[in-house]
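J.: All chains, full assembly: derive it from the sequences and hints.
Those sequence lines, one after another, are chains U and A. Under our numbering, the first sequence is numbered contiguously, ending at residue 711. Under our numbering, the second sequence is numbered contiguously, ending at residue 711.
Rather than coming from a laboratory, the hints here were simulated on the basis of the structure. It is possible that some hints are incorrect.
What the hints assert, rightly or not - The following label-pair restraints were derived from C-beta to C-beta distances:
| # | chain 1 | residue 1 | chain 2 | residue 2 | range |
| --- | --- | --- | --- | --- | --- |
| 1 | U | 356 | A | 382 | 56 to 62 Å |
| 2 | A | 667 | U | 444 | 54 to 60 Å |
| 3 | A | 575 | U | 116 | 56 to 62 Å |
| 4 | U | 444 | A | 610 | 28 to 34 Å |
| 5 | U | 151 | A | 441 | 49 to 55 Å |
For each residue, glycine too, the CB sits at the ideal point set by N, CA and C.
Protein chains: 2
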Amino acid sequence: MGINHFKRDDRDVKFILFEQYDLDRLLTYDAYKDFSKEDFGMIVDEAFKLCREVLGPAMQDGDRIGCKWADKAVTTPPSFKNCWKTMAENGWIAMTASPEFGGQGLPVCVGGLISEATNSANMAFGTFPGLAVGAGRVIEAYGAEEDKALFVEKMYTGAWGGTMCLTEPDAGSDVGYLRSKAVKDPESADPRVYKIEGVKRFITSGEHDLTENIIHLVLARIEGAPLGTKGISLFIVPKFWVNPDGSVGELNDMFCEGIEEKMGIHGSSTATLNFGENGKCRGILLGDPHTGMAKMFQLMNEARLGCAVQSLGLAAAAYDTARLYAKERVQGPPFTNRNAERVPIIQHEDIRRMLMNLKSGTEGLRAFLGKILFLMDVAHRDPDEAQRKKADHMSDLLLPVLKAYTADYTYTLIRDAIQILGGVGYCSEFPVEQYARDCKIISIWEGTAYIQSLDLVGRKLGLDGGKVFQSWIQGIMDMTNTYKEDPELAADFKRLFKAVGVAGEFAMKYMSYFQDGRMRLIPTTTTRFLDTMAEVEIARCLLDQALIARKKLAEVDPASSDGLYYTGKIAAAKYFCRNTLPGVFARQMAMQTEDTSLLDIPEAAF
Amino acid sequence: MGINHFKRDDRDVKFILFEQYDLDRLLTYDAYKDFSKEDFGMIVDEAFKLCREVLGPAMQDGDRIGCKWADKAVTTPPSFKNCWKTMAENGWIAMTASPEFGGQGLPVCVGGLISEATNSANMAFGTFPGLAVGAGRVIEAYGAEEDKALFVEKMYTGAWGGTMCLTEPDAGSDVGYLRSKAVKDPESADPRVYKIEGVKRFITSGEHDLTENIIHLVLARIEGAPLGTKGISLFIVPKFWVNPDGSVGELNDMFCEGIEEKMGIHGSSTATLNFGENGKCRGILLGDPHTGMAKMFQLMNEARLGCAVQSLGLAAAAYDTARLYAKERVQGPPFTNRNAERVPIIQHEDIRRMLMNLKSGTEGLRAFLGKILFLMDVAHRDPDEAQRKKADHMSDLLLPVLKAYTADYTYTLIRDAIQILGGVGYCSEFPVEQYARDCKIISIWEGTAYIQSLDLVGRKLGLDGGKVFQSWIQGIMDMTNTYKEDPELAADFKRLFKAVGVAGEFAMKYMSYFQDGRMRLIPTTTTRFLDTMAEVEIARCLLDQALIARKKLAEVDPASSDGLYYTGKIAAAKYFCRNTLPGVFARQMAMQTEDTSLLDIPEAAF
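T.: And the structure:
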């Protein structure tokens, strides 16, 4: 156990839950009707207590002790056992999963925002419960009744862990090229039992000592299946075979060959798993043959959301470390009064600039995340099918944007946090350098920024004949039109209006490139298009928050803690629109050059 | 000894030395007239051999074994001893220092570009020789004859190390607040000997086992001296006292209290040094009392240049790792041909985009660095005083720009290199994650980006009544005017013309803020102004290179290695002007908002 570096308060989480989006609507849904706002408030309070008292103090153990591999086994830091036990016993592992299998049945918006906090407290640890639940959900969604009965509750309640095994040493982003094989097990009476053979690499939480069993979801190709992603099937491969009565049987023919040495998340094991070296690894086919990729995509979608939650959690923790440090650390006078006494560095203009990057960045990303979380609740639970579909489409459009932008932007924000601390920010005495190291992997997990941008341009732009994207643009234009004469924020809404126009311009360009055969110009700018959409959406979310805050501010004492919070909210929106959002116009200019230098340069000239 | 990760070739270094800037002019100077271009070519070849064979293979030892502190002593990795011995024996430690004291007397441009390579090979190790020479130079410049005789040659030839001791636990960027004290030593016959007392923190290479002695340059306040930077004096404080006959005497009253645990550069010791705990630490006053800061600034100026060299070295190494990986790693088909075979990922459009960031970024920064290095040679050695002054002023103006921008931009570039490698980029199997960790400190060393930007705006803009900045602007405008009808690059020159106008607009704004009392708006944008100048200068340097390359390309086979190099050069200039330079216009827009949200927000709202 170490020092708790989790310093966050829950004000911004409660603003999103109780003041920004329409929680009342969610509470009318059958699935949530037994909850009240008070329940959610109490659950958030308890979660923050868990972060402070249990997860936070184990964070640096994860980094410094780390996971150790020896003789096929992985040992996690001792304090991680306590984290697991506490989370399992108190129902924190599967907050939003179905109560039928031991989940807590919370709305996605509540669970998602709590996850952001637990990731602030201990992101590396969070990979273990995160994958247990994620894999459990796939079995719940696609498994036969007997699979669900055998596995799901154990995975939701912390008895067993879980993984997703896609990547192989020779197949990463192009998972369709994987080599793992499956053949029917002639010794099994159950036609769904196969023998699995293959090596999987970079398997997060792939081996550990937190649970008595680990349930691997493994992508493999059934002998004779077509090449590419269409020939891939999904298998449940338990580390220890599970008998029909639910008892844990013999060790499957699989083992952990080793774990990676990494830049960060030393507390999370990144395993190479060898399946079927002796031809005896048994796996259970999950759903129909050759449908594995689609199923894995469900888990990957959840994991993409998880990536945003993880990286935002780290940046939020970095912001808190930086702002508390800046209030305490006394150094020379500010720029505008060079002869003054030394002051806390929060009074230094450039420190404030970086703090505002962190404040507007983390709050803006959280508002964006909150929006998608609410959309998901509507998409899953609303009684009106049209509403469900609309919400589902919008969250589908925005999810790759959220994932890719959050992962990249938070790396930059954490850099600012290090810079605010100066020399000590580079030292392990403070946790910010660890946040930077832990954060970097997230831009690679679950599809890189580029892969997200291809999903956006290749699949999501065309959703419902392009109407989803159009309605996203229209929604923002309507808002900017409503507030274009706003006495305080008119210029910001005008800038947002221009910025959303740039997003539209990108989309129009892509259409014309498709039509006139200049396809090669598309992939050179898709990440820029994605970043543009992200900044536009964040600006919109922050302005939405500012409008709410302004109303509330009129009702409270500006010097009260709520008053200060609302004042800060308005400042964050202004700052983002005036300092970060202009980046959109640099991307516009770059796009308009239609530069092909990167395509034209001969390979040998690199 | 480990694997050599240094893969660079010297083509770009030789382009800058032999094809871009006017080396012939330098060779007419007295100090350099005994050298020839062939000499420099051979020296560069030898330096790259040193990198491949000695420094490179020790790089990961620095990270993995690291420096260890125990009982006041610091142990460096075993392979570092061989690095030191080889560099010392072959004259690599003090390449550009004066031959009178054992230096090699090479031009700054040759030494600087070689240093960039040695930092690519082993940046952490490089801090030891770097500070030995830097401290030696200060003694050479300001020391009494007997000090020079005692210390300088030993420091230039690798017998002794050196440090600069500014930072204290309670005084970092505001060094004027330091508490270290000096009182005349009543027991010494020499009136220049003082007793030093104080604790210095974050002292790079502050303690190690590479040399028999370490000569610390310590900033301290002589009893009764005024507060602030004007009351600070500089002292030579040898770890072991040096007797007048040059022999090494008893251990001074000082010791290393410990070293920092850090994000990176584990191979470089970052020491806390305790001077005079028993009231017996002897130091020699260097120059006049209360003039310490000015002298330390010489070392800091050199160190700022060193920071650019270090961070560029790391980014260049990251680029090489990434481009070689991209040529070998085979994955799925590119965007424009989804049904193609798997190809090396260098054929993937987004991988190329990131490689072009790295190529244009590192080559552009190197050209910018090369320009300043040449200016320094002219400033130090040209027989014409007017030329010396002009070059000195221009390098003075640009040095803070180079330092701050290089340190920040390379962190982003190395992020791209990690991304190109994907999952393995996050793992220690490849060196890129180490480059990212090593690099981050450089934006804090020798003045943060903000401090550099204040130096730029507060001191450098006004150099020679503002004429230096004006001539910088004019030079770029003249160039853009000359090429505004260029058949290939006209649009790029026009964009550069607009961009340099933005730099001018920033400066005009600052003037008006000064005049109308809106000083508070200045520090909110100085880092953006600095970044704008940097990108304008880099674009100019790359376009200059492209013009040279285009001429040369007409004379060689385009498929030859030179032909490919020149083609790549032109592509890099285009790419930077079309994709990176537009960032200037986002900063312009942000500046024009004159946003004060970061100043207005109450401290408690953070």
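J.: Confirm or reject each hint.
T.: Against the structure, the hints:
no.	hint	verdict
1	U:356 <-> A:382: 56 to 62 Å	holds (60 Å)
2	A:667 <-> U:444: 54 to 60 Å	holds (59 Å)
3	A:575 <-> U:116: 56 to 62 Å	violated (50 Å)
4	U:444 <-> A:610: 28 to 34 Å	holds (30 Å)
5	U:151 <-> A:441: 49 to 55 Å	holds (52 Å)
In this structure, only the earlier hint numbered 3 is contradicted, and the remaining ones agree with it.
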